[in-house]
Amino acid sequence: MNTENSTPQFAICILEEQTQLTLTDLCRACAVHDEQIIALVDVGVLEPQGREPDRWRFGGASLHRARRALRLQHDLDIDFAGAALALELLEEIDTLRARLRAMGGPY
Amino acid sequence: MEFKDYYKTLGVARDATQDEIKRSYRKLARKYHPDVSKEADAEARFKELGEAYEVLKDAEKRAAYDQLGTNYKGGQDFRPPPDWNAGFEFSGGGPGGGDGAEFSDFFSSLFGRDFRTGGPGRAQSRAKGEDHHAKVLIDLEDTYHGATRTITLRVPAVDAQGRVITKERVLNVTIPRGIREGQHIRLSGQGSAGRGEGSAGDLYLQVEFRTHPIYRVEGRDLYLDLPVTPWEAALGATVKVPTLGGIVELKIPEGSASGRKMRLKGRGIPGDPPGDCYAILTIALPPADTRAAKELYQKMKDEFIFNPRAKLGV
Numbered sequence: 001m002n003t004e005n006s007t008p009q010f011a012i013c014i015l016e017e018q019t020q021l022t023l024t025d026l027c028r029a030c031a032v033h034d035e036q037i038i039a040l041v042d043v044g045v046l047e048p049q050g051r052e053p054d055r056w057r058f059g060g061a062s063l064h065r066a067r068r069a070l071r072l073q074h075d076l077d078i079d080f081a082g083a084a085l086a087l088e089l090l091e092e093i094d095t096l097r098a099r100l101r102a103m104g105g106p107y
Numbered sequence: 001m002e003f004k005d006y007y008k009t010l011g012v013a014r015d016a017t018q019d020e021i022k023r024s025y026r027k028l029a030r031k032y033h034p035d036v037s038k039e040a041d042a043e044a045r046f047k048e049l050g051e052a053y054e055v056l057k058d059a060e061k062r063a064a065y066d067q068l069g070t071n072y073k074g075g076q077d078f079r080p081p082p083d084w085n086a087g088f089e090f091s092g093g094g095p096g097g098g099d100g101a102e103f104s105d106f107f108s109s110l111f112g113r114d115f116r117t118g119g120p121g122r123a124q125s126r127a128k129g130e131d132h133h134a135k136v137l138i139d140l141e142d143t144y145h146g147a148t149r150t151i152t153l154r155v156p157a158v159d160a161q162g163r164v165i166t167k168e169r170v171l172n173v174t175i176p177r178g179i180r181e182g183q184h185i186r187l188s189g190q191g192s193a194g195r196g197e198g199s200a201g202d203l204y205l206q207v208e209f210r211t212h213p214i215y216r217v218e219g220r221d222l223y224l225d226l227p228v229t230p231w232e233a234a235l236g237a238t239v240k241v242p243t244l245g246g247i248v249e250l251k252i253p254e255g256s257a258s259g260r261k262m263r264l265k266g267r268g269i270p271g272d273p274p275g276d277c278y279a280i281l282t283i284a285l286p287p288a289d290t291r292a293a294k295e296l297y298q299k300m301k302d303e304f305i306f307n308p309r310a311k312l313g314v
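First to last, the sequence lines map onto chains P and U.
Numbering-wise (this note's numbering), the first sequence opens with residue 1 and increments by one.
Numbering-wise (this note's numbering), the second sequence opens with residue 1 and increments by one.
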């Protein structure tokens, strides 16, 4: 196996806090076409600022949401509305599990 | 290489109809989807399901797979027959080329490497390189103090002979102070190289915390159980509490009950505003393992008129 070393000569940022993404950024990071991101905006999974798609600005947290929703939609063969519902329920479970953990629960 | 029994993976009979295969796949996919399931091997199971379904949902591939005969059992050593797939034309592309690293060698030997489950879908080729995604496990202390961590990524690459190999890539990553669980570190230009003049893609690292022996985390807040003695809780006391920034003193008010939540403001994960650290009081009883201790408990029994179960009506 080959090993390649890199020195840390690159910009680092916390995606969720210091980043705004355009539609093009999001499409590339999710490896999908515009239509799929627009469909996620239509069902309310993503809520960009700005009116027109070419002026949309997405918060960094959109990337994780979009990738998760797209995986659910694609892998479970469900529509975008179904993926949106699944995503909301999964996020609620995540929140409850985190709260249980904070209380010393099993998760 | 091992023979894979795709019918067994999907839990269907060899003569199952296409509808039965689809139903079984969908049911199992929901169960083992890595975004849904908490089972440790969910990701591996889901990949196996995807591979099995890729073959059995497609009449051509299923017919070809069935031709291997019923002599093989799952896990048995397998080599494709020399005239394998003569007469079959797979609509998804032929053997050879591509980088179908997501499917098993067994699958690749039969159907080539050009098939992919594809994730959410493939974008058209663009000049900028692909973005990559990975997870990084860090300690809570790393986000409090900031740190540099060496992480090793395994990335598929193509060697001079055009074969798909796995390369190890070592990166020194600065963990930004105050990063929270579930957040992502973006490393610009550390994804795949671009095509032509195109710039390289980015690398996204999703942060997870190692389970901490003392603290539990919710957002930026930390929680810890703080054992106190019955007399500290009853009479009040100043006790030492470990925080990520060092030991601090905490005043326990007199008459504190077990479960009381004491806030150490700004002692959680750094940020604007920083999180808090909560100490949850738990009353620890000294053991009655000496004569003197037993006498003390006996004295308490005699002196106190106290029914802790009064609210239960007993």
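If you're looking for bench data, these hints aren't it; they were derived computationally from the structure.
The structure displayed is predicted, hence computed values, not measured ones.
Each hint should be verified, as a subset may be incorrect.
Covered, in the sense of this in silico footprint (three residues per stretch, anywhere, with C-beta under 8 Å from a C-beta of chain P), are these stretches of chain U [stated by the list, open to error]: (1) 25-32; (2) 183-191; (3) 212-222.
All C-beta atoms, glycine included, are put in the ideal place defined by N, C-alpha and C.
Hints, one by one, checked against the model:
1. 25-32: holds (count 3)
2. 183-191: holds (count 8)
3. 212-222: holds (count 5)
Comparing the model with each numbered hint stated earlier shows that all of them hold.
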